[in-house]
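So the protein lines, in turn, are chains W and X.
Numbering of the first sequence is given in UniProt numbering, commencing with residue 1 and proceeding in unit increments.
Numbering of the second sequence is given in UniProt numbering, commencing with residue 1 and proceeding in unit increments.
Be aware that one or more of the hints could be misleading.
One copy or any two copies: either way a pair holds, since identical chains are not told apart in the list.
What the hints assert, rightly or not - Heads up, simulated DSS-like pairs for lysine-lysine below, C-alpha to C-alpha not over 25 angstroms straight-line: (1) Lys252 with Lys221; (2) Lys497 with Lys468; (3) Lys383 with Lys341; (4) Lys220 with Lys150; (5) Lys265 with Lys324; (6) Lys391 with Lys499; (7) Lys309 with Lys77; (8) Lys341 with Lys324; (9) Lys164 with Lys391; (10) Lys418 with Lys390; (11) Lys50 with Lys339; (12) Lys355 with Lys50.
Worth flagging that the hints you see were computed from the coordinates, not collected in a lab.
Protein chains: 2
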Amino acid sequence: MVYIYDTTLRDGAQTRGISFSLEDKLRITEALDELGIHYIEGGWPGSNPKDLAYFEEVKKLNLKNSKIVAFSSTKRKGVKVEKDSNIQQLVKTEVPAVTVFGKSWDLHATLGLGISLEENLELIFETVSYLKKYFDEVFFDAEHFFDGYKSNPEYAIKTLLAAKEGGADCLVLCDTNGGTLWYETEEIIDTVLKKVKAPIGIHAHNDSDMAVVNSLIAVKKGAIQVQGTINGLGERTGNANLCSIIPNLVLKMGIKSIPEENLKKLYSVSRLVSELSNRPHPVNLPYVGENAFAHKAGVHVSAVEKNPKLYEHIEPEKVGNKRKIMVSELSGRSNIISKAKELGVELSKDSPAVKEILDKIKNLEAQGYHFEGAEGSFELLLKESLGLTKKYFELKGFRVLTEKRSENEEAYAEATIKVEIPKEIAEEKGIEDRFEHTAAEGRGPVEALDKALRKALEKFYPSIGEIKLTDYKVRILNEAAGTEASPRVLIESTDGKRKWGTVGVSPNIIEASWLALADAIKYKLMKDDEDTDRGGSSEG
Amino acid sequence: MVYIYDTTLRDGAQTRGISFSLEDKLRITEALDELGIHYIEGGWPGSNPKDLAYFEEVKKLNLKNSKIVAFSSTKRKGVKVEKDSNIQQLVKTEVPAVTVFGKSWDLHATLGLGISLEENLELIFETVSYLKKYFDEVFFDAEHFFDGYKSNPEYAIKTLLAAKEGGADCLVLCDTNGGTLWYETEEIIDTVLKKVKAPIGIHAHNDSDMAVVNSLIAVKKGAIQVQGTINGLGERTGNANLCSIIPNLVLKMGIKSIPEENLKKLYSVSRLVSELSNRPHPVNLPYVGENAFAHKAGVHVSAVEKNPKLYEHIEPEKVGNKRKIMVSELSGRSNIISKAKELGVELSKDSPAVKEILDKIKNLEAQGYHFEGAEGSFELLLKESLGLTKKYFELKGFRVLTEKRSENEEAYAEATIKVEIPKEIAEEKGIEDRFEHTAAEGRGPVEALDKALRKALEKFYPSIGEIKLTDYKVRILNEAAGTEASPRVLIESTDGKRKWGTVGVSPNIIEASWLALADAIKYKLMKDDEDTDRGGSSEG
Numbered sequence: 001m002v003y004i005y006d007t008t009l010r011d012g013a014q015t016r017g018i019s020f021s022l023e024d025k026l027r028i029t030e031a032l033d034e035l036g037i038h039y040i041e042g043g044w045p046g047s048n049p050k051d052l053a054y055f056e057e058v059k060k061l062n063l064k065n066s067k068i069v070a071f072s073s074t075k076r077k078g079v080k081v082e083k084d085s086n087i088q089q090l091v092k093t094e095v096p097a098v099t100v101f102g103k104s105w106d107l108h109a110t111l112g113l114g115i116s117l118e119e120n121l122e123l124i125f126e127t128v129s130y131l132k133k134y135f136d137e138v139f140f141d142a143e144h145f146f147d148g149y150k151s152n153p154e155y156a157i158k159t160l161l162a163a164k165e166g167g168a169d170c171l172v173l174c175d176t177n178g179g180t181l182w183y184e185t186e187e188i189i190d191t192v193l194k195k196v197k198a199p200i201g202i203h204a205h206n207d208s209d210m211a212v213v214n215s216l217i218a219v220k221k222g223a224i225q226v227q228g229t230i231n232g233l234g235e236r237t238g239n240a241n242l243c244s245i246i247p248n249l250v251l252k253m254g255i256k257s258i259p260e261e262n263l264k265k266l267y268s269v270s271r272l273v274s275e276l277s278n279r280p281h282p283v284n285l286p287y288v289g290e291n292a293f294a295h296k297a298g299v300h301v302s303a304v305e306k307n308p309k310l311y312e313h314i315e316p317e318k319v320g321n322k323r324k325i326m327v328s329e330l331s332g333r334s335n336i337i338s339k340a341k342e343l344g345v346e347l348s349k350d351s352p353a354v355k356e357i358l359d360k361i362k363n364l365e366a367q368g369y370h371f372e373g374a375e376g377s378f379e380l381l382l383k384e385s386l387g388l389t390k391k392y393f394e395l396k397g398f399r400v401l402t403e404k405r406s407e408n409e410e411a412y413a414e415a416t417i418k419v420e421i422p423k424e425i426a427e428e429k430g431i432e433d434r435f436e437h438t439a440a441e442g443r444g445p446v447e448a449l450d451k452a453l454r455k456a457l458e459k460f461y462p463s464i465g466e467i468k469l470t471d472y473k474v475r476i477l478n479e480a481a482g483t484e485a486s487p488r489v490l491i492e493s494t495d496g497k498r499k500w501g502t503v504g505v506s507p508n509i510i511e512a513s514w515l516a517l518a519d520a521i522k523y524k525l526m527k528d529d530e531d532t533d534r535g536g537s538s539e540g
Numbered sequence: 001m002v003y004i005y006d007t008t009l010r011d012g013a014q015t016r017g018i019s020f021s022l023e024d025k026l027r028i029t030e031a032l033d034e035l036g037i038h039y040i041e042g043g044w045p046g047s048n049p050k051d052l053a054y055f056e057e058v059k060k061l062n063l064k065n066s067k068i069v070a071f072s073s074t075k076r077k078g079v080k081v082e083k084d085s086n087i088q089q090l091v092k093t094e095v096p097a098v099t100v101f102g103k104s105w106d107l108h109a110t111l112g113l114g115i116s117l118e119e120n121l122e123l124i125f126e127t128v129s130y131l132k133k134y135f136d137e138v139f140f141d142a143e144h145f146f147d148g149y150k151s152n153p154e155y156a157i158k159t160l161l162a163a164k165e166g167g168a169d170c171l172v173l174c175d176t177n178g179g180t181l182w183y184e185t186e187e188i189i190d191t192v193l194k195k196v197k198a199p200i201g202i203h204a205h206n207d208s209d210m211a212v213v214n215s216l217i218a219v220k221k222g223a224i225q226v227q228g229t230i231n232g233l234g235e236r237t238g239n240a241n242l243c244s245i246i247p248n249l250v251l252k253m254g255i256k257s258i259p260e261e262n263l264k265k266l267y268s269v270s271r272l273v274s275e276l277s278n279r280p281h282p283v284n285l286p287y288v289g290e291n292a293f294a295h296k297a298g299v300h301v302s303a304v305e306k307n308p309k310l311y312e313h314i315e316p317e318k319v320g321n322k323r324k325i326m327v328s329e330l331s332g333r334s335n336i337i338s339k340a341k342e343l344g345v346e347l348s349k350d351s352p353a354v355k356e357i358l359d360k361i362k363n364l365e366a367q368g369y370h371f372e373g374a375e376g377s378f379e380l381l382l383k384e385s386l387g388l389t390k391k392y393f394e395l396k397g398f399r400v401l402t403e404k405r406s407e408n409e410e411a412y413a414e415a416t417i418k419v420e421i422p423k424e425i426a427e428e429k430g431i432e433d434r435f436e437h438t439a440a441e442g443r444g445p446v447e448a449l450d451k452a453l454r455k456a457l458e459k460f461y462p463s464i465g466e467i468k469l470t471d472y473k474v475r476i477l478n479e480a481a482g483t484e485a486s487p488r489v490l491i492e493s494t495d496g497k498r499k500w501g502t503v504g505v506s507p508n509i510i511e512a513s514w515l516a517l518a519d520a521i522k523y524k525l526m527k528d529d530e531d532t533d534r535g536g537s538s539e540g
C-alpha cells in the first residue's frame with residue numbers, strides 16, 4: 001500500500017504568486033478528501049495566523065478519507081522541546097499526524113543552523129520522541145537528504161536513524177534542491193534501504209525535471225509514502241506532481257494506493273486548484289491538461305474512436321478528462337448533441353438548430369466566454385435557442401454609482417435598476433404593474449447591483465429569495481489590454497435544491513457581473529417552471 | 001558525442017493553438033544555431049506551403065552550427081518512390097539531412113495504412129535507400145516504437161532492420177503516445193541494442209511525465225541522438241523538453257554534446273520561443289523558468305545568501321537565468337532586509353523599522369494583499385515607512401457611474417475625480433492652483449477612473465503620460481462571500497525605462513483598482529525623483 005501525502009496547502013502554497021485564503025484551503029481539503037488522498041499537510045501552524053486558523057476550521061469538516069497533518073521544523077537549538085513555540089503549536093492542533101523536517105546535510109546543520117552535527121541528531125531525536133507522545137503518527141522529512149548523502153553519506157544515514165530511534169513512523173527522503181538525477185536516486189535509495197530498516201517516503205522537487213520519476217523509483221524500491229502537490233505546485237519548479245504520479249502508480253504500475261475508481265475525480269481536483277491559485281490551468285499537463293487527449297487533425301474521429309488504444313496511452317475518462325478532436329465541425333456538433341441529451345433535450349445531428357447553437361457558442365467563446373463551470377448559462381443558451389424557455393424579465397436600465405470621498409473614507413456604492421416583466425407573465429400572476437424601479441446600496445458596485453436586481457424581481461418572483469450566491473470569480477482575459485481588458489465573471493449560485501454556474505463577459509466589469517447575475521436568476525426561474533411542469537420538485 | 005535534434009518547428013508547431021509564421025521560424029532557427037543545436041527539423045515540405053517556403057528561405061541564413069533537416073512520411077503504398085510527391089519535395093529542399101517516419105507498430109500498418117506487414121517493411125527500405133542517394137544523412141523515426149515493441153517485438157525490430165538495411169544513419173525510437181514508463185524504456189532499449197547494431201536515437205512524448213527521463217535513459221544506454229523541443233512544446237502534453245535535457249546532459253551527466261559555454265543562451269532561446277508562440281513563459285520550467293531560482297520561504301532566503309550551493313542545484317547564470325528573492329507572508333526579517341538591499345536601502349537586522357514593515361506586510365497580507373508581482377507597492381510601502389519618499393498627491397474624492405440603458409445597449413462609465421497636490425510641491429513647481437477636478441469616460445468603470453486620474457495628475461506631473469498599463473488582473477478572495485467578497489487587483493505598468501507591479505485590495509472593486517492605479521503613479525513619480533537626485537536616468 002502506497003500512501004499519497006499531499007502538501008499543496010503547505011509546500012504548494014510556497015509557490016511564487018500564490019496565496020490561498022482560508023476558504024480556499026478548506027475547499028481544497030474537501031476535494032482532496034473526495035479524491036481519497038491519504039494525508040493532507042495543511043500548513044505550518046507556527047509560521048503565520050492563516051495556517052493556524054486552518055487547523056481550527058478543518059476540524060469542522062466531515063472528512064471521509066484524509067488525515068490532516070501539521071508541519072513544523074524540529075525544535076530550535078537551546079530551547080527545551082516543551083517550550084519551543086513551533087512544537088507547542090503543533091501539539092495544540094490535535095491533528096492525527098504531524099511532520100517535522102530536520103537537516104540531513106551536514107553543512108545545513110553547521111552553516112545553516114549553527115549547531116554541531118551531534119546536536120543536530122539530538123534535536124531530531126528529541127523532537128520526534130516528544131511528538132510521539134502526542135500523535136499517533138509522526139513523520140520525519142529528511143531535508144536535503146540526497147545532497148546530504150552525496151556530501152556525507154554516513155551522517156545523512158545517522159539523521160534517519162536518529163528519527164527512527166525517536167519513533168518516527170516514516171522517514172521521508174527529500175530532494176529539497178531538486179538536483180538529483182534518477183540513477184543517483186536509485187543508488188542512494190538502495191543503500192538507505194540496506195542500512196535503515198524502517199518505512200521510507202519520498203519528497204521530490206522538479207528542478208531537474210525528475211520529480212515524478214524520482215518519486216516512482218522510490219516506490220518501486222519500497223517507499224510507502226509519496227509526497228507531492230496537485231499540478232506540481234511549489235517553490236521554484238515545484239514539487240512532484242501528484243496528478244502525474246497517481247495515475248502512473250495506479251493505472252500503469254498496478255500499485256495499491258488510491259482506489260482506481262477515485263481517479264475519475266483527478267481532473268476536477270486539478271482544475272479546482274488552478275482556479276483557486278488564480279492561474280490558467282496549464283493545458284499540457286499530463287493526464288489532466290486540456291490538451292492531454294487533444295488529437296490533431298489528420299487523426300480522424302472515426303479512427304480514434306474505433307481504436308483509442310492506437311492513439312491514447314490510457315482512456316481519458318479514467319482520470320476524469322475527455323478526448324478532444326480538433327478542427328472538426330463534426331465533433332463540435334456531437335459535443336452539442338451529447339450535452340443537450342444530458343440536459344434532457346433530444347437533438348438530431350442534421351437539425352439546423354445544432355449548427356445555430358454551435359455558431360453562437362463559437363462566437364461567444366471567441367469573445368472569452370467559457371462554459372466550463374457555467375453549465376447554467378449553457379443550458380439557458382440551449383433552451384432559449386430552441387424556444388424551450390420563456391423570457392422572465394427585461395432590463396430597462398441600471399445605474400451604479402461608486403463613490404469614495406477621501407483617502408481615508410471607504411468607498412461605497414449605490415445601484416438603481418428598472419425591470420419589466422412580460423405581459424403574459426403579469427396576466428398569469430394577476431399583476432397590474434409590470435414595471436419596477438428600485439435602488440440598493442453595498443460596499444461595492446457588484447454587491448449593490450445584485451441587491452437591487454433581486455429587490456426588483458422578488459416583487460414578481462418571490463422564489464428568488466431562495467438564491468444564494470456562493471462563488472464570485474473574475475478572470476481578466478487579454479490582460480495585456482490593461483484597463484480595456486475584458487473581464488469574465490463566473491458566478492455560482494444555489495437554492496438549496498441545486499447548484500449552478502453562470503458566466504458573463506464584457507469590457508465593463510459591472511456589465512459582466514450583470515450578465516452572470518441575470519443568467520443566475522433566469523436559470524432558477526426556468527428550473528422552477530420545469531419542476532412545476534413535471535409536477536413536483538426534483539433533487540439537485 | 002550526443003547530438004541534439006530540435007523539432008520545435010515541426011512537432012512543436014503541432015501544439016494546439018500555436019502557429020509560427022515564416023519569420024518566426026527563421027528567427028528561431030538562428031537562435032537555435034547560436035545555442036549550438038546540431039539538427040533543426042524545419043518542417044514537412046510536402047505538408048503545406050509555409051513549410052515549403054521555409055526550406056527556400058533558410059538557405060539564405062548564415063548558420064554556424066546547425067544542420068537543417070526536412071521531414072516526411074515514408075512513401076505511400078502503390079506509388080513509386082520517385083513519383084511520391086512527399087519524397088520529391090524532400091529531395092528538392094537540398095538540405096544536409098532528412099528524416100522519414102514509418103510504422104513500427106503492426107496494427108498501425110495494417111489498420112492504419114491498410115497494408116501488409118511485409119509491404120510496410122519494403123516501404124521503409126525503399127524510402128530510406130532512395131533518399132540515401134540524395135542526402136548525406138537519412139534518419140528513420142520508428143513511429144510508435146515502444147507500443148509496437150510491446151505488441152509485437154519481433155516486428156518492431158524488423159522495421160528498424162529494414163531502415164538500417166536501407167542505409168539509415170540513425171534509428172530513432174519514438175514513444176509517440178507517450179505512455180512508456182522509465183523502466184520499460186530501459187528494458188526495451190537494452191534489447192534493441194543487442195539485436196540492432198546501429199546508431200539509435202530517442203524521440204519521447206510527455207504523456208506520462210516521462211519524456212525527459214526516457215530521453216536521458218536512452219543516452220545513458222548509448223543513444224547518440226535526442227529529439228525534443230524548446231520548452232517541451234508539442235501536441236498534447238508536448239515533446240521532450242530540450243531545456244531540461246541539455247543542462248542535465250551537459251552540466252550534470254558530463255556528456256559531450258553542446259559546449260557548456262553555449263548553455264548561457266538557453267534562457268533567452270526559451271523566452272524567444274514563448275514569445276513567438278504567443279504564450280506566457282511558464283514560470284516553473286526547470287532551468288529556464290522565471291521561478292526556477294526564485295526563493296520564497298523565509299527559512300531558505302537567509303541560507304541561500306550565505307551559501308548558494310545550500311539551496312541551488314546549479315548556478316543560475318550557467319543557463320542564462322538569475323536568482324530571485326521574493327517577499328511574502330512567509331517572510332522573515334531576512335527577506336525584508338534582502339529585498340530592501342536590492343532596492344538600495346540598507347537596513348540592519350535589529351532595526352525596529354524592519355519589524356514594523358514586516359508587521360505591516362503580514363497585516364496587509366491577512367487582508368488579501370500579495371506583494372509578489374507587486375514589487376512597486378512593496379517598494380512604496382518600504383520607502384514610505386522609512387520616510388524616503390514624499391506624498392505626491394491626495395485624493396479628495398472620486399465618483400464612478402456605470403450605466404446600461406437597456407439589454408441591447410452596451411454599458412458605459414463616467415468617472416469624476418478631485419485631487420490636490422501638497423503645498424511644497426506646488427511651490428517647487430511654481431503652480432498656484434493645487435487642486436484639480438475633472439472627468440473621463442470609458443467602456444468600463446476602471447478604465448474611466450484610470451483615465452480621469454491620469455488626466456487630473458498629468459496637469460501637475462506631465463511624466464505620467466509615459467505610463468502604460470500592460471497587465472490588469474483581478475483575484476476575488478474569499479469567493480464564497482459572493483458579491484461581498486474582496487477583490488485584489490494587480491496591475492503592471494511600464495514607462496519604457498522600467499516595469500513595475502502594484503496591488504490594491506478592497507471589497508469594492510473600483511476602490512481596489514484605485515489603490516493599485518494610485519500606487520502605479522506614485523511609484524513612477526518616486527522613481528523619476530530618485531533618478532533626478534542621482535543625476536540622470538537609469539536603465540530599467
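Handout entry: Index of numbered hints that the structure contradicts, given in increasing order
Key = 9
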